[in-house]
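Given only the sequences and the hints, what does the whole structure look like? Please build it.
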Amino acid sequence: MTSAQTATLTDDVVIDCKVDKIFYGNFLAVRDSDVPIYKNKITGFIGPSGCGKSTVLKSINRMNDLVRIFRFEGRIHFEGQDLYGTNVDPVSVRRHIGMVFQQPNPFSMSIYENVAFGLRLNRYKGDYDARVEEALRGAALWKEVKDKLQNNGMSLSGGQQQRLCIARAIATKPTVILMDEPCSALDPIATRQVEELMIGLKSEYTVVIVTHNMQQAQRVADKTAFFSVDISQGGRTGYLVEMNDTGKLFENPREQLTKEYLSGEFS
Amino acid sequence: MKNTPNFNKSFTDSRALKSIFLSTITVLCAVGACIPLFSVLVMLIMRGGKRLSFELFYALPPTAFDTGGGFGNAIVGTLFMVGIAALIAVPFGILAAIYLAEFGENGKLAEIARFCAKTMTGIPSILAGVLAYAAVVMVTGTYSAIAGGVALSILMIPTIMLTAEESIKMVPSAMREAAVGMGCTKTQVMWKVMLPVAMPGMITGVMLAVARVSGETAPLLFTALFSDYWIFQGGAGDIMEPTASLAVLIYNFSGMPFENQIELAWAASLVLVTMVFIINIISRMLFQKKK
Amino acid sequence: MSASLSNQQQQNDGPIAVPPSSKDIFLDRTFRTFTTCFAWLTLLLIGYIVWEIGGTALPAIKEMGVGFLTGTTWDPNKGEFGILPQIWGTFYSSLLTLLLGGSFGIAIAVFLTQDFLPNKIQIVLKSTIELLAAIPSVVYGLWGIFVLIPLIRPVANWLHATLGWIPFFSTSLSGPGMFPAALVLSIMILPTVAAISQDALSAIPDKIKEAAYGMGTTRWEAILKVLLPTASRGIFGGLVLGFGRALGETMALAMLVGNSNQLSLSLFSPADTLAALLALNFPEASDYETQILMYAAVVLLFITLAVNIIGELIISYSERSGGKK
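In order, the protein sequences belong to chains G, P and C.
Reminder that position 177 of the first sequence reads as 177 in this note's numbering, one-by-one numbering, no gaps.
Reminder that position 33 of the second sequence reads as 33 in this note's numbering, one-by-one numbering, no gaps.
Reminder that position 310 of the third sequence reads as 310 in this note's numbering, one-by-one numbering, no gaps.
Please note that a few of the clues may not be correct.
To be verified - Keeping only pairs whose Cα atoms sit at most 30 Å apart, straight-line, the calculated DSS-like set for lysine-lysine is:
1. Lys126(C) - Lys207(C)
2. Lys126(C) - Lys18(P)
3. Lys23(C) - Lys169(P)
4. Lys192(P) - Lys143(G)
5. Lys23(C) - Lys186(P)
6. Lys225(C) - Lys18(P)
7. Lys169(P) - Lys120(C)
8. Lys169(P) - Lys108(P)
9. Lys18(P) - Lys209(C)
10. Lys225(C) - Lys126(C)
11. Lys21(G) - Lys259(G)
12. Lys186(P) - Lys21(G)
13. Lys41(G) - Lys21(G)
14. Lys18(P) - Lys207(C)
15. Lys23(C) - Lys125(G)
16. Lys146(G) - Lys118(P)
17. Lys125(G) - Lys118(P)
18. Lys18(G) - Lys39(G)
19. Lys118(P) - Lys18(G)
20. Lys202(G) - Lys146(G)
21. Lys125(G) - Lys108(P)
22. Lys209(C) - Lys225(C)
23. Lys120(C) - Lys18(P)
24. Lys23(C) - Lys192(P)
25. Lys108(P) - Lys21(G)
26. Lys207(C) - Lys120(C)
27. Lys23(C) - Lys118(P)
28. Lys207(C) - Lys169(P)
29. Lys169(P) - Lys186(P)
30. Lys126(C) - Lys169(P)
31. Lys108(P) - Lys148(G)
Said to hold, decoys possible - One-sided excerpt, in silico: chain P residues whose CB lies under 8 Å from chain C:
32. Gly32
33. Leu37
34. Val40
35. Tyr58
36. Ala117
37. Val130
38. Thr187
39. Gln188
40. Gly215
Since the hints were derived computationally from the structure, they do not count as laboratory data.
Please read all numbers here as calculations on a predicted model, not as lab measurements.
We treat Cβ as the ideally placed atom computed from N, Cα and C, and that holds for glycine.
This is the structure we're talking about:
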């Protein structure tokens with residue numbers, strides 16, 4: 001990957017994601033979904049379960065490469081490069097595009113080492129203590145853990161663990177942070193905290209969030225992409241129905257399908 | 001007269017009797033299975049404990065009509081050969097396990113290698129001795145500690161491999177995903193995240209394998225043979241000489257017509273079993289703590 | 001701290017992420033290739049075992065052919081070698097072991113999985129059985145010689161005196177013999193059978209047990225008619241593995257079976273097995289005799305490999321079809 005100074009293609013689109021087809025073996029999981037990700041905005045992916053919103057998200061940082069039978073057709077442009085180009089190392093991609101998972105998954109090491117993990121990985125030369133503190137402050141966790149940085153990360157509560165995972169992700173200042181239903185394992189209070197945190201993050205980062213919770217998308221997302229499932233050809237293939245500013249999508253959807261989904265007529 | 005079903009408990013109808021009968025048999029079986037263990041332990045403590053003294057640990061084995069003596073050289077020999085075996089088997093087993101659990105991605109090679117390891121656990125220990133005899137003793141022309149160590153390592157490899165694979169697979173996949181998501185190479189995922197978490201389980205596996213082979217006799221009978229002398233003499237060890245071990249000493253002395261030697265066999269058994277039990281119990285505690 | 005923090009921020013205001021260094025990539029490739037090599041080595045090791053033992057035995061196999069398997073004398077002085085008594089002894093002792101150790105093992109597995117005991121005692125009993133497996137076989141051999149044989153000799157000789165017309169009791173027990181050997185072997189395989197049967201029994205989903213109780217079965221009817229049949233394939237695999245262990249066990253037999261070249265049905269007569277034959281003759285064998293012993297080792301290797309592979313296949317097959325919910 002070349003230097004970060006390369007000008008982005010379209011001014012405020014960071015990731016230009018054009019999915020033609022995503023296969024698992026012979027199964028067509030997602031088709032025809034073009035989702036541009038805008039800089040310093042929160043983009044929400046919503047839709048019924050099985051619509052491929054997580055699959056598209058995990059394609060962006062090439063997490064799907066872990067699945068051996070995964071096959072991607074299309075292109076995802078990030079800083080002027082196709083992430084699925086022949087010479088691209090998925091490992092490098094993941095260092096620039098951070099990820100927060102559905103289940104909080106801190107490593108079994110101290111809170112400090114969890115946050116410093118990415119720094120050590122990238123052979124960071126600066127002041128570790130300062131960077132760790134900054135990341136923990138950024139994740140609104142500093143006050144709660146500053147006196148127990150040496151405790152194991154797994155000893156925290158679920159909501160704290162998830163914020164620790166966010167701190168871990170932002171410690172290396174990735175350009176984009178992907179969040180795969182980050183609140184689905186959390187209680188309402190912890191959910192609230194994480195949502196506030198996301199809104200705070202967008203001044204510095206670009207965030208993409210998958211959620212099954214429409215209210216959550218409404219609360220945090222600037223842009224919303226609505227996916228649905230096409231069962232017409234006997235399979236269950238997900239595709240993008242429409243994408244728009246969140247306010248417009250929820251108040252005045254262009255597609256009939258979106259309207260039905262938002263009014264709760266199917267799920 | 002209404003025909004109402006009878007819900008009362010009865011201890012005399014045939015179903016109840018059968019149940020009581022079968023329960024009794026099971027209890028007897030379970031108790032019966034424990035009797036040999038206690039008998040062995042009691043005998044070890046009584047007959048072996050009687051002979052227990054400091055001399056055992058530094059003296060050399062006695063000759064036919066001698067009194068006294070010990071098996072210091074056999075303890076050293078056992079530790080030394082188990083050490084050689086571990087040196088071969090631990091890296092082999094763990095590296096192969098990493099492939100089986102992770103890099104092999106459940107492909108054909110991983111599957112076949114796993115099957116081979118499982119098959120190897122069933123190979124009789126004496127055949128490990130036969131192999132080491134053919135591969136080491138016949139080639140070097142002498143019985144040696146090396147040959148004994150090689151024979152023992154054949155027995156350790158599959159055990160270590162399978163338990164290490166199991167413990168790597170027990171690392172939550174969420175943790176693995178997190179590391180991948182941070183941009184770790186596969187090797188970094190393994191070393192930085194998975195191995196530290198899997199470590200207690202792997203150590204348990206290694207310790208159980210060590211405990212198992214320390215008591216093995218058959219593979220040593222005609223690879224390390226036995227020796228009445230120390231393996232280290234004058235500061236330098238000679239690893240290409242026949243070497244004593246506790247297990248072979250017990251076997252040799254058990255067939256002798258001399259009371260002194262038989263007493264020593266019991267005492268050596270007590271030392272050996274104590275060693276094996278301590279390793280077993282420590283490794284189990286280690287494992288339970290983790291769980 | 002906060003002052004240095006703001007300095008730091010200014011100094012490091014670019015993205016921190018860098019691609020993996022060439023060293024990281026090199027290490028990654030090397031390490032992965034390295035582990036792959038060791039996976040291959042596992043395959044090679046099995047091949048090497050067969051090739052090395054088979055290769056050394058080859059001259060003897062060519063010379064003696066199948067006659068070796070059916071001959072009944074072993075006399076190095078006359079140069080006559082046959083291992084039929086040893087093959088017989090190996091299978092006979094293992095079958096006896098299977099019968100004794102197997103039934104005890106399954107009974108214990110039932111006892112430990114079907115809530116007969118309070119949890120705490122269950123754990124104690126379970127670890128006691130596991131400790132049985134930790135005792136080295138040579139110690140069992142010693143115990144057999146000095147405790148078990150004197151203990152069962154009066155019983156055996158009484159059986160011979162009163163029921164001597166039954167072939168199993170046709171000789172008296174003068175010391176080492178088939179029965180004490182098999183008895184010690186059963187103690188040794190018991191933990192294997194018990195552990196695998198326990199796994200098979202506890203892998204049965206609760207709903208199947210509930211269904212049986214719901215039909216109004218007693219506990220034992222549920223165990224015998226529903227649970228044991230459901231777990232039967234796993235238990236069978238455990239028995240095959242236990243059988244495999246008994247076939248290859250050496251020390252307890254070398255010390256207790258009597259090492260006598262006999263073909264007899266009697267439980268109390270001394271006998272011999274392949275493993276014991278190897279253990280006793282290898283240390284003093286001449287080069288020629290070594291080749292012949294290697295032939296016997298090949299026979300033992302193939303018997304145990306066959307039995308173990310069958311057992312392993314049965315277990316993995318039953319896991320695939322029965323274990324998963």
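Practice item. Could you check the structure against the hints above and give me the numbers of any it violates, in ascending order? Key: Violated hints: 16, 17, 19, 21, 27, 31 and 35; rest satisfied.
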